[in-house]
Structures are given as structure tokens and as C-alpha cells.
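Student: Sequences and hints are given; from them, build the entire structure.
Below are the chains, spelled out letter by letter.
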Amino acid sequence: MRKLDEQIAEWRTRMAAGGIKTPAVLDELEGHLREEIRARIMAGATDEQAFREALARLGSADSLRNEFSKVHDSGGRLLTWSFRLWLGVASIVAIFLARRLFDGRVGTLLAMHIFLVTTSYLSAFMAGGFAAGYVCTQWSGEVSSSLKRRLSLASIRFLDLAAVLIVVGFILGLLWTDQHYGRYWTKNVREIGGLTGLTGLVALAAVRRFARLNEETRVVLGLGASLVVGFAWFGMLLVAQNRPLGSWWPLEVYAGIHFVLIVLNFVRRQRPAAS
Amino acid sequence: MIPKELVAASAEALILSLLSKGESYGYAIIQEVRARSDNHLQWTDGMLYPVLHRMENNGWIKSRWVKMENGRKRKYYSLKKDGKTALDEQRTQWLKVHGVLTQLWGEQYA
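If you read the sequences in order, they're chains A and B.
Just so it is clear: in the first sequence, position 54 is 191 by the working numbering, and no numbers are missing.
Just so it is clear: in the second sequence, position 6 is 1206 by the working numbering, and no numbers are missing.
If you're looking for bench data, these hints aren't it; they were derived computationally from the structure.
Any given hint might turn out to be false.
Stretch-level coverage of chain A by chain B, calculated; a stretch enters the list once three of its residues show a Cβ under 8 angstroms from a Cβ in chain B [as the list claims (entries may be wrong)]:
id, stretch
1, 170-180
2, 194-201
3, 282-292
Pulled from the structure, derived: some chain A residues nowhere near chain B, Cβ distances all over 12 angstroms [stated by the list, open to error]:
id, residue
4, E185
5, G244
6, V305
Ideal placement from N, C-alpha and C gives every residue a C-beta, glycine not left out.
Tutor: What follows is the structure in C-alpha cells.
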């Protein structure tokens, strides 16, 4: 048994040298190897035979590395880079607010409220962006199903993030309003915008959480998130500035693009696959 | 023996179907598939794990490490809600393929 332990330790070293370096992956593969060896020994094989045969069944480091590299394909990197982009933009917002905080132009509560609501809206726009990317891939026959899955997954992850951030941000906003105006709600147009965003994002996140939706239907939620936030943010700004209805066309174009994408998403599903 | 291309194509559907019956781990999944197919369906054992990891990244399954009586750890996988949806989709697709083949072979040998 001691010899077997040494052989397994050598095997781990060879696997690590061959590119399988993650300890958790090696632990899992080692567990498998040990079970296979034990089964073979119980079936009558010698330790040496059992080790050799179990190793052959498990596969070489090269073949395993090739298969594991597919796990972290372009779709996986997409999620990582999108989160880094989110962090980058969130950091810029945080630095901007920190400067105003140190200048005494905003208090801590208001700065945190602005940060959370802004990053929530950013998350919702990213959810919409990934959903739009997914619809575009539906119309391109040369995209891997893995990339499509990751786009759909990224969209719902950012939708969930948007919902959580806006809930906390909205509560902080209510507390700040209470501190400054003696009541939680002043019917301000920005508050109504926030409430619209909160209601929409939480409703979409709840649908995603409790309904069993397929990939295509799920991306509609991401498009819905960016649509809701578009109206909650820019729509309410237009209302706040008393802009006449004729000057609302950018928002109408924005909504139109979303509806076209939603229609394209479902139209594509009914098209026969290209040969 | 079933060719490796077909084994690879059916891997996700097999894993989702097995996990829909309850939590399991890599070695047990391979053994069960082997037993249920009378040894006709065989993976190169190590190839199962990248598939499991990819399915976990897809949000279909989740995993947890469990400490065994011998002190070693074992990684168990279970189905998530999105995995159930994926299983429904894959079941529909495989049944369609099965239906077409059954129909064609029925005509051929009628």
C-alpha cells in the first residue's frame, strides 16, 4: 500500500507537469483512481496490475489537459472579462463618489446609495448586452453552443446582481430621504424611477429564480432588465426635465431595438437548422 | 462497443439523467452507465470530469466535497434547476432522433 501511495504521488507529479495543475482536479482524479484500483484488487488483480490498468482507463495527462482546456474556452473567458469590465467601471464610479465624499459634497449614505443604484443599472445594461449577443449568435450558424450557453448564463448572472444591488441601494435611498426630509418618500421623480427599476428587476429576477425557463426564453429576461433600467433612468430624467413627448425618440429607439431583438430571438427558434 | 463520438455526444444527457435520480460522484456515474449499457457504453474514465466541470460552469449541476470514513474526500454532484430544464430539452431532442430512426427502420423492415 505504501508503494501504491508513492506511485500515486508520482502520478500526481507527472499530471501536474503535463498541465493538470489544479489541486482540486487532481484530488478528484486521484479519488477516482483509488476507487478503480481498489475494485480491480478486489477482483483479483495485483497492486501493480490494478494501478497500471486503472491508469490506462483514466487517460493520459495530454488528453485530459486537452479536455479540461475546453472547459475554460472562450465562453468561460467571456464571463471573467465581463466581470473585470464591471469591476473597472464600478471602480471609476467609486473613485468619483469617494472624491465627492471627501470634499463633503455628499454624505456616506447618499454616496453608497448612488454607487449601488449606478452599479445595479450597469449590471442590468450588461445583462441586456449579453442577451443581445446571444440573439446575434442565434442568427450566426458558426457559434458554439458552449459560447451561447455562457452568454445566456452571463446575462442572468448580471440580472441577479442588478436585482440585489438595487434592493440594497433603494433601501439606503429611503434612509437618506428620511434623514433629510423626515419621511421615506417624497414623490420625487428620481424616487419613482428607482422604484420602477427595483420593481422591474426584482420581478425579472424572481421569474428567473422560480420559473423553469429554457436558454432562449431566459435571455429575454436580460433584455427586459436593460429595457426596465432604460425607462427607470433615462425616462425619469426626461420627465424630471419636463421634456415634451416629441423629444423622447432616443428612448423609443432604445425600446424598439429591444423588441426587435426579442422577436428575432423567437423567430430564429422556428427556423429550420441550416444543413 | 459504441463509438466514442456517440458516447461523447450523449454524455451530458446521460449525466443529467443519472443526477436527476439523486446526488452522485464521478466513479459511481461511470459504473452505473457501464452497468446499464451492459458495458457497451464506456468512457475513458478521465474524460467524464471535464464534462462534469463544464456542466457545472453552465450552471446545470453543483458539487460539494464530502469527507469519507477513510478520511479521503469525494466530490458529489447534484442537479440544479437549470439542469432540470437542460435535461427536459435534451430528452426532447434525443426522443426526436429516436423517433425518426424508429420510423425509418420500421418502414425499412416492414
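Student: All hints are to be evaluated individually against the structure, with a verdict given for each.
Tutor: Okay, the hints, checked on the actual structure:
no.	hint	verdict
1	170-180	holds (count 3)
2	194-201	holds (count 5)
3	282-292	holds (count 4)
4	E185	19 angstroms, holds
5	G244	39 angstroms, holds
6	V305	24 angstroms, holds
The structure is consistent with each of the numbered hints, conforming to all of them.
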